[in-house]
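Residues per chain are reported as follows:
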Amino acid sequence: MTFEVETGSRKRVVQITGGAGKYQAVVDGSAYVLDVARAGENWSLLMGPVRAGSPASLSVRAGRSYEVTVGVQLGGELSVFVNRRALAVRLDALSTDLDRRRIARRAGGRGDHTADTRSGPLDVTAPMPGRIVRVLVKAGDVVAARQGVVVVEAMKMENELRSPRAGTVKEVRVGQGALVEAKTVLVVIE
Amino acid sequence: MTFEVETGSRKRVVQITGGAGKYQAVVDGSAYVLDVARAGENWSLLMGPVRAGSPASLSVRAGRSYEVTVGVQLGGELSVFVNRRALAVRLDALSTDLDRRRIARRAGGRGDHTADTRSGPLDVTAPMPGRIVRVLVKAGDVVAARQGVVVVEAMKMENELRSPRAGTVKEVRVGQGALVEAKTVLVVIE
Amino acid sequence: MGLASVAVYSDCDRTARHVRMADQACAIGPNAPAESYLRIDRLIDAALASGADAIHPGYGFLAENDAFAAACRDAGLTFIGPSPESIALMGSKTKARRAALDAGVPVVPGTDEPFAADERESVIASAAERIGYPLLIKAVAGGGGKGMRLVTAPDDLSSAIRAARSEANTAFGDPAIYLERRLVRPRHIEVQLLGDLHGNVLPFVERECSIQRRHQKVIEETPSPVVSPALRAHITSAAAAVARSVGYASAGTIEFLLDEEGRFFFLEMNTRLQVEHPITEMVTGVDLVRAQIRVARGERLDVDPPTALTPIGHAIECRIYAEDPDAGFMPSPGRITGLRVPGGPWIRDDSGAESGAEVPIFYDPLISKLSAWGGDRPQAVARMRRALDEYEVRGIRTTVPFFRWMLQQAAFEAATFHTGYLDELLQQRQGEPFEIPSEDEEQVAAMAAALQAFTALSSTSSVTPNARMETWRDARVQQSNQPAKMGWKRLARLEGLRP
Amino acid sequence: MGLASVAVYSDCDRTARHVRMADQACAIGPNAPAESYLRIDRLIDAALASGADAIHPGYGFLAENDAFAAACRDAGLTFIGPSPESIALMGSKTKARRAALDAGVPVVPGTDEPFAADERESVIASAAERIGYPLLIKAVAGGGGKGMRLVTAPDDLSSAIRAARSEANTAFGDPAIYLERRLVRPRHIEVQLLGDLHGNVLPFVERECSIQRRHQKVIEETPSPVVSPALRAHITSAAAAVARSVGYASAGTIEFLLDEEGRFFFLEMNTRLQVEHPITEMVTGVDLVRAQIRVARGERLDVDPPTALTPIGHAIECRIYAEDPDAGFMPSPGRITGLRVPGGPWIRDDSGAESGAEVPIFYDPLISKLSAWGGDRPQAVARMRRALDEYEVRGIRTTVPFFRWMLQQAAFEAATFHTGYLDELLQQRQGEPFEIPSEDEEQVAAMAAALQAFTALSSTSSVTPNARMETWRDARVQQSNQPAKMGWKRLARLEGLRP
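Residue numbers (my numbering), protein chains in the order written: chain A, 1 to 190; chain B, 1001 to 1190; chain C, 2001 to 2499; chain D, 3001 to 3499.
Isolated chain A (complex conformation) (with noise of 0.2 angstroms):
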């Protein structure tokens, strides 16, 4: 079966086969072997060929040792960890061995995060789970680039929401007190 994963910016396409803990992965032409097994809630990988000495004549092999942990799928990208570092990977299934048919590549999954580089109105969003201590401004205020117009209160340290840029409060759609989820819009300045 062979998918295309992306990790940092790198694409790399990896064909994998084999079964019950052991398996051969072509990375972009190079192939090796997998030794792949469950501990706990993390999979101990073992990778080869190590190269050095004259494996042919040597009674074992060495692997390179990982200790793997695929978690959840965070905005579209599952998280691994690699000895306990995590790295963003997306992954595409390019065909199977199940079924011969290309499949599309995922569309229009990727354009969440545009919004505050449009040319129209900005939205100060919330950064992350919070209350809301104080509205600073209210819709039809004039403000300046960088003014406060709202402070959230998470993890008893306020942080003062400031305007991206000048303009004026089109819409403020939350009110003090207000419990609000990562991402909220709170203020629109147009």
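Read the hints as simulated data drawn from the structure, not as lab findings. For every residue, glycine included, the Cβ atom is placed at its ideal position computed from N, Cα and C. One or more of the hints may lead you astray.
Simulated pairs of lysine-lysine, DSBU-like, Cα-Cα distance not exceeding 35 angstroms [stated by the list, open to error]:
id, chain 1, residue 1, chain 2, residue 2
1, A, K183, A, K170
2, C, K2095, A, K183
3, B, K1011, B, K1183
4, B, K1138, B, K1170
5, D, K3095, C, K2369
6, B, K1183, D, K3369
7, B, K1138, B, K1183
8, A, K138, A, K183
9, B, K1170, B, K1183
Chain A residues, not near chain C, derived (Cβ > 10 angstroms throughout) [claimed, not checked]:
id, residue
10, K138
11, V142
12, V151
Covered, in the sense of this in silico footprint (three residues per stretch, anywhere, with C-beta under 8 angstroms from a C-beta of chain D), are these stretches of chain B [said to hold, decoys possible]:
id, segment
13, 1025-1039
14, 1079-1091
15, 1121-1129
16, 1142-1153
Mind docking chains B, C and D on chain A? Use the hints.
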């Protein structure tokens, strides 16, 4: 719902009512308020009332705090951990609010460990999982009390199993090198 | 010490570890601190209801509140801390400055009296002009960076005053503030003290806490890499003199700023146990909490002065927060789905975090204090690096990746930092993540993700139970609030293979 | 130290922690030690296949095998331990006795030469008559109580010889044995040493390991409660003299028996790191494993002699085994279904155990080494008690309940024990369990069991998700190999309420 619960050498009659984490327990006629919440694999159990001061005039109530885990069943017993100490518990439902019929006590569930007090043939059993290192007797051999009959190895220690009394070896059920489970009958003496 | 304990808890802390480990527990109200952990009346009632003899206030909430200490005394309870009078005196930053001056210890220039809660901003602005920019607004009742704001230009003064007053009011119930000059590249050096009711005051080897982010200590160590034995003698004597002059009788800490010429200035006194007390315990072997309890019972200090002042080796603490360092250290509350904590030689982890536990949005996001000891500083740093490498938290973001990066910085290794160092360092960053995975790690992550999809999609059940990667439950949990966008999941649905 | 590591593993250790934490890992064979961990050829090949420079043998299996050390040398690998010659000399208990005598150190009376593997029992019996009963049969290649048997009367000699030879052969590949007089109520005192390749030998403050069960150390502590500074100087000098006389150049330990008159006798030398090394690290701050690696690289010892000989405070270790103390300490292998390990100030847990991990039947059942440090012995004991109280292992039995009981014994607190003390104490017991739950705990257990049944049986789903007690999975797992016998489960089935 009412249960008969045996811990240590004592039986208690425990009646439980309530729900949603708040329960009332009547244990042998004494009433308690229980506040139960799950914390990972354990429960936090708060038990009131605590008799101290004059609770009536106070704005809050204190409860005794226990960390409890009701573990897997071992040989007909529940293993309950109270503050990280294991207690063996046997439990029967006496009657329920769903069904007023008296349920008969467990029948015949206790006879497991009586084999070696019978007057007939005696079994030498493996006290733990392990490997048979050596069989020191064969069928027909006359053995003295406390004479070694089998050597079992577990966790790198050898344990010589001895005949519980003088007699004749009736049967040898294992051979050298065999892996045996706990309680496997190895040799029968008569 | 064989003492029974009573825990108090707000609603969201019902199943917290301190509740489960205590002998008794007592609910004191809803999540908002003002309705539970800051309710003096309920705390006193909790002590009475449970039959407690004494209250240890910890190091947050009411730990530096003189009214609480007085309420304990009035209710016949032992407050494990200094007297209400000491708290009131040293807790007022402006009175504390006066006390230090009276004891002959220099202070940082600033306003000598607090401003009234309703003082006009123009009056504060005039004082600010006299002291000069950059300056700090500080809460009179403050501590831990709460209610503190750096102001570099007059234009920012008004908004900073507002934020500081509000934060101080929320955190301490007191909006009063004062101003203080900001020294150039100072180091934060502090002296732990123990006092008893018999007039003894014992200073400990100094701690260095110059690695700060927005005035919050991030890494602490002891001894300071730049304090000579002569300076140690000088600064610890000064600290003891201040404490003695006010009859201080518990654990407390006097904070100093050390300038580039080696002059030190009294900054403030914390009239409580500090978050960073474990590192002092590590290099002296003295149990500070035990000592607090002993002196609160009226016993004499039983620690030799040389033991307290002579560090054995070196210790470092990292404050691990539930914050996302790659998103400007934004709080990251939520459920911890997986946790593995490093252990082994010379590592100490003081934490209430557990797998399955929820980090609430209501309180300080400190989830663990990780400490390491070594025979010298390089060894302590090396052990801390190893411990950070083994630390794994899943479900929420933490500052562990930040610390792994931080401990690799040349200036950290050379100990050439000051209290503004970290903020400057962070400002130079161009938004790159704190951890850049190696080519090797990226490749393994790619293979692991592909493997999971492969085993999930394989209709032939050629996967042994041992190696089977069960992730469907996670995927299902996800789905409820976030549509799956990934190609292979769509594929799986198309082919009808999903359970 | 920044070194990359290569783990080796047998089949059942495939997912063990040391494998996952290593940089590389290498399978070396099936579970039986003789086919994996004792296979010198495969271990050498594993080092060559992975490009390793050095091998640390740990403290079991081949750690005291001179052929292995020689094979490393022949393969161009650094053996992190003493020379093959030192191992061969001190590993032979009879040659080691000779070396001690030559260095002017007294030894326990016994046979000066080992018996041939096929020596007739009558010859051994004559030697036994000469030495006198009670006596000990010991393996020439022995250590850790393996291949050792106490014989109190001539009748038991034959069976004991057979068991000792067989066990020695299995454990060390060498069935040779010798006899030694058993002293009356001796204490086990041992001296940790470090030697380097430049002729330096450094002794450390003594450890006391008198709490033994069937000749296996159970609790170790340092310093010994009965060793005066004068005796310490004497015994550590004697130990260093023996090591120096054989050119010993690594970590090693010389064991002595101390009789009731304060005389000490050389017992044997362990030419490896000891299980109990953490307590020496705790009171001296010296990392013994790091020191081993440094001297193996040819570096000079960098520890001050007074640091090694002057304990700071007191440290205790409990060896926690997967054994059921209430069933005669029978091994209790199996899956660990739940594990919580104590942490916090001055507690160290060295363990490979994890929740979900299987404790195999093939190896020594030591699952954790729990250590506690205190400013003095009572404080260390108090902290150990606290740590034991917080230790929870589910799924298998462990010796934690035994240690909780043990640390309450008056003789332990008074430190008036000897090497036979624990066996005598255990013999006096009438089969009562080590932990007798309080009335209170029994009542809570009864309520908890009833609560679980109640919530499981409640058809009205009045239980909140938070409080829901999900035990059906456990119950189902059980069922497969063990019929449920309990009334309430039968009831549940009868009423069709089970999912």
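Checked hints:
{"no.": "1", "hint": "A:K183 to A:K170", "verdict": "18 angstroms, holds"}
{"no.": "2", "hint": "C:K2095 to A:K183", "verdict": "43 angstroms, violated"}
{"no.": "3", "hint": "B:K1011 to B:K1183", "verdict": "29 angstroms, holds"}
{"no.": "4", "hint": "B:K1138 to B:K1170", "verdict": "9 angstroms, holds"}
{"no.": "5", "hint": "D:K3095 to C:K2369", "verdict": "51 angstroms, violated"}
{"no.": "6", "hint": "B:K1183 to D:K3369", "verdict": "30 angstroms, holds"}
{"no.": "7", "hint": "B:K1138 to B:K1183", "verdict": "20 angstroms, holds"}
{"no.": "8", "hint": "A:K138 to A:K183", "verdict": "20 angstroms, holds"}
{"no.": "9", "hint": "B:K1170 to B:K1183", "verdict": "18 angstroms, holds"}
{"no.": "10", "hint": "K138", "verdict": "17 angstroms, holds"}
{"no.": "11", "hint": "V142", "verdict": "17 angstroms, holds"}
{"no.": "12", "hint": "V151", "verdict": "7 angstroms, violated"}
{"no.": "13", "hint": "1025-1039", "verdict": "holds (count 7)"}
{"no.": "14", "hint": "1079-1091", "verdict": "holds (count 12)"}
{"no.": "15", "hint": "1121-1129", "verdict": "holds (count 3)"}
{"no.": "16", "hint": "1142-1153", "verdict": "holds (count 3)"}
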